[in-house]
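Modelling step: build the complete structure from the supplied sequences, incorporating the hints.
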Amino acid sequence: MSDIETADAQALADRIRELESENARLAAAAPPERTRPSGGRWRAPLSAICIVIAAILVPVSIVTAWARVQLVEENSFVATLAPLVEDPEVRQLVVDETMDAVNANVDFHQLTGDLFDGIADLGLPPRAVQALGLLQAPAADGLENLVHEGVTRVVESEAFADVWATTTRAAHRALTTAATSDGGGLVVRTDDGVGIQLGVIVETVQQRLIDRGISAAQLIPEIDRVVIIGKGDNLATIRTVYALSNALGWWLPVLSLALFGLGIGLARRRSTAVLGTGLGLAIGAGSLAAALSVGSTAVQIVATDLDLSPSALQVIYGQLVAAMTQTALVLAVLGVFVAVLGWLMGRSAAARGVRGSVDGLNSSARRQLAARGLDTGGFGGWLARSRVLVRSLIAVAAVLWLFALRPLSIGDVVMVIVVALVVVWILELLQRRPDEHANVDRSLDAPDSGEIVDPADLSAPTPLPSEAATLDLTTDAATGSAAASAKPRKR
Numbered sequence: 000m001s002d003i004e005t006a007d008a009q010a011l012a013d014r015i016r017e018l019e020s021e022n023a024r025l026a027a028a029a030p031p032e033r034t035r036p037s038g039g040r041w042r043a044p045l046s047a048i049c050i051v052i053a054a055i056l057v058p059v060s061i062v063t064a065w066a067r068v069q070l071v072e073e074n075s076f077v078a079t080l081a082p083l084v085e086d087p088e089v090r091q092l093v094v095d096e097t098m099d100a101v102n103a104n105v106d107f108h109q110l111t112g113d114l115f116d117g118i119a120d121l122g123l124p125p126r127a128v129q130a131l132g133l134l135q136a137p138a139a140d141g142l143e144n145l146v147h148e149g150v151t152r153v154v155e156s157e158a159f160a161d162v163w164a165t166t167t168r169a170a171h172r173a174l175t176t177a178a179t180s181d182g183g184g185l186v187v188r189t190d191d192g193v194g195i196q197l198g199v200i201v202e203t204v205q206q207r208l209i210d211r212g213i214s215a216a217q218l219i220p221e222i223d224r225v226v227i228i229g230k231g232d233n234l235a236t237i238r239t240v241y242a243l244s245n246a247l248g249w250w251l252p253v254l255s256l257a258l259f260g261l262g263i264g265l266a267r268r269r270s271t272a273v274l275g276t277g278l279g280l281a282i283g284a285g286s287l288a289a290a291l292s293v294g295s296t297a298v299q300i301v302a303t304d305l306d307l308s309p310s311a312l313q314v315i316y317g318q319l320v321a322a323m324t325q326t327a328l329v330l331a332v333l334g335v336f337v338a339v340l341g342w343l344m345g346r347s348a349a350a351r352g353v354r355g356s357v358d359g360l361n362s363s364a365r366r367q368l369a370a371r372g373l374d375t376g377g378f379g380g381w382l383a384r385s386r387v388l389v390r391s392l393i394a395v396a397a398v399l400w401l402f403a404l405r406p407l408s409i410g411d412v413v414m415v416i417v418v419a420l421v422v423v424w425i426l427e428l429l430q431r432r433p434d435e436h437a438n439v440d441r442s443l444d445a446p447d448s449g450e451i452v453d454p455a456d457l458s459a460p461t462p463l464p465s466e467a468a469t470l471d472l473t474t475d476a477a478t479g480s481a482a483a484s485a486k487p488r489k490r
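So in numbering that gives the first Met the number 0, spot 147 of the sequence shown is number 146, and the numbers just go up one at a time.
These are calculated hints, taken from the structure and not from any lab test.
Take these hints with a grain of salt, some might be off.
Unchecked claim - Distance ranges between label pairs, derived from CB positions:
{"no.": "1", "residue 1": "V51", "residue 2": "W250", "range": "17 to 23 Å"}
{"no.": "2", "residue 1": "V417", "residue 2": "S286", "range": "25 to 31 Å"}
{"no.": "3", "residue 1": "I300", "residue 2": "A160", "range": "29 to 35 Å"}
{"no.": "4", "residue 1": "Q217", "residue 2": "Q135", "range": "17 to 23 Å"}
{"no.": "5", "residue 1": "P125", "residue 2": "Q206", "range": "40 to 46 Å"}
{"no.": "6", "residue 1": "W250", "residue 2": "N102", "range": "47 to 53 Å"}
{"no.": "7", "residue 1": "V253", "residue 2": "D374", "range": "39 to 45 Å"}
{"no.": "8", "residue 1": "V253", "residue 2": "A348", "range": "37 to 43 Å"}
{"no.": "9", "residue 1": "V418", "residue 2": "V51", "range": "27 to 33 Å"}
{"no.": "10", "residue 1": "A78", "residue 2": "N102", "range": "31 to 37 Å"}
{"no.": "11", "residue 1": "A321", "residue 2": "P44", "range": "37 to 43 Å"}
{"no.": "12", "residue 1": "A349", "residue 2": "S408", "range": "28 to 34 Å"}
Using N, Cα and C, we set each Cβ at its ideal position, and we do this for glycine too.
Written as structure tokens, this is what we have:
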């Protein structure tokens with residue numbers, strides 16, 4: 000055996016012993032394999048119960064959170080109803096209700112009749128009196144049309160937005176009073192039911208008409224008209240809903256989120272629990288969005304019963320539930336993403352194939368970065384050993400971020416998901432895995448293709464690794480046998 004073969008065999012043997020020592024060290028440092036306790040069968044059903052309860056609470060949480068914002072926070076209530084003043088249907092509803100209130104308190108025909116009778120008593124000729132009688136009906140209609148046009152111009156003016164904001168703010172305060180005491184203010188309880196007084200709007204419109212020079216508006220008396228918006232027994236319901244919304248609106252979403260997390264933590268198969276969480280979130284939020292969509296049909300029926308414009312009331316309903324609908328749709332989309340993530344964590348062949356492809360790409364990227372000198376040291380080793388913990392912390396941070404961004408939009412969800420995935424991917428690349436760095440070290444120790452080689456070395460064949468290992472592991476007896484077999488060829 001030549002000196003070169005002996006040196007190569009010795010180097011290979013040293014490398015093998017080094018790898019065996021490294022494997023033994025890693026095996027000793029690895030945590031002991033966890034054995035599932037025999038009494039852990041209760042974890043699976045308890046996990047399922049937590050996830051099911053949380054899924055049921057999803058639509059309830061959305062409604063209570065919305066109710067708390069609208070009923071308790073005055074500015075949010077005004078901001079929700081403020082855009083309604085721009086809708087033509089709502090403006091027409093205000094005009095119609097205002098004119099109904101005026102006509103109920105002012106008899107234009109009686110008013111013009113009294114005026115013409117007073118003129119006739121001044122001693123006019125019979126023909127003049129007869130002419131006045133013919134003009135009485137047109138004058139009454141003209142006066143009513145004049146008031147109607149004045150009301151319409153006021154409602155359609157830009158200044159009416161301030162009137163509307165003042166009215167909605169007063170309505171919220173009155174609703175709060177009605178929900179926390181015996182009622183009063185703008186929201187009152189009558190024999191016909193719970194209603195909203197139009198006095199604030201009519202009084203403002205009257206003042207605007209007077210400012211425009213329509214002196215007939217001074218004849219409009221103080222109006223105490225109530226627009227019925229519900230049955231009288233609904234006042235107790237309003238109080239109950241207000242109290243529950245104030246109490247449950249904040250911590251019920253937190254409870255639902257905690258139950259989802261508890262269900263995942265108790266599960267024996269985390270992938271199944273994550274998949275169930277995503278499906279529960281998507282189904283719960285999606286069912287609420289569907290129910291709110293169907294509610295628009297019920298609003299038309301209620302509008303007919305209350306003798307209101309169905310289209311206008313539907314616009315008001317749509318504006319009120321817009322925030323709830325958006326939140327439900329956003330959570331449904333988020334639930335679908337969580338369900339897909341749970342499926343990717345599962346044991347199916349397709350999921351394992353996807354994970355294998357991603358791991359292969361990440362491993363190749365890490366080797367290339369290490370070959371270029373990137374070494375994260377102990378921090379990278381900790382990332383490699385604590386992959387599950389790191390991903391869990393990122394998931395918790397993403398959930399808290401979404402919770403802080405409420406009310407959510409589709410853009411918010413997409414942004415949080417993309418940022419979380421990018422952070423996970425960067426931390427994956429920063430991991431330092433011993434096997435990958437060992438391969439990089441061996442590739443760096445190999446001679447460069449441009450290295451100058453002694454021509455004398457080219458004449459000696461380089462033994463293959465398998466041959467070198469065979470030479471190193473061959474016993475002395477085998478060597479002697481090979482020498483003995485060589486003697487007959489010399490003869």
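Hints, verified against the model:
1. V51 to W250: 17 to 23 Å: For V51 and W250 the Cβ distance comes to about 20 Å; the hint holds.
2. V417 to S286: 25 to 31 Å: Check passed, 28 Å falls within 25 to 31 Å.
3. I300 to A160: 29 to 35 Å: holds (31 Å)
4. Q217 to Q135: 17 to 23 Å: holds (21 Å)
5. P125 to Q206: 40 to 46 Å: holds (42 Å)
6. W250 to N102: 47 to 53 Å: For N102 against W250, whose Cβ atoms are near 50 Å apart, the range 47 to 53 Å holds.
7. V253 to D374: 39 to 45 Å: Check passed, 43 Å falls within 39 to 45 Å.
8. V253 to A348: 37 to 43 Å: For V253 and A348 the Cβ distance comes to about 38 Å; the hint holds.
9. V418 to V51: 27 to 33 Å: At 31 Å between Cβs, range holds.
10. A78 to N102: 31 to 37 Å: Hint holds: Cβ distance 33 Å, inside 31 to 37 Å.
11. A321 to P44: 37 to 43 Å: With Cβ atoms ~39 Å apart, the hint holds.
12. A349 to S408: 28 to 34 Å: holds (32 Å)
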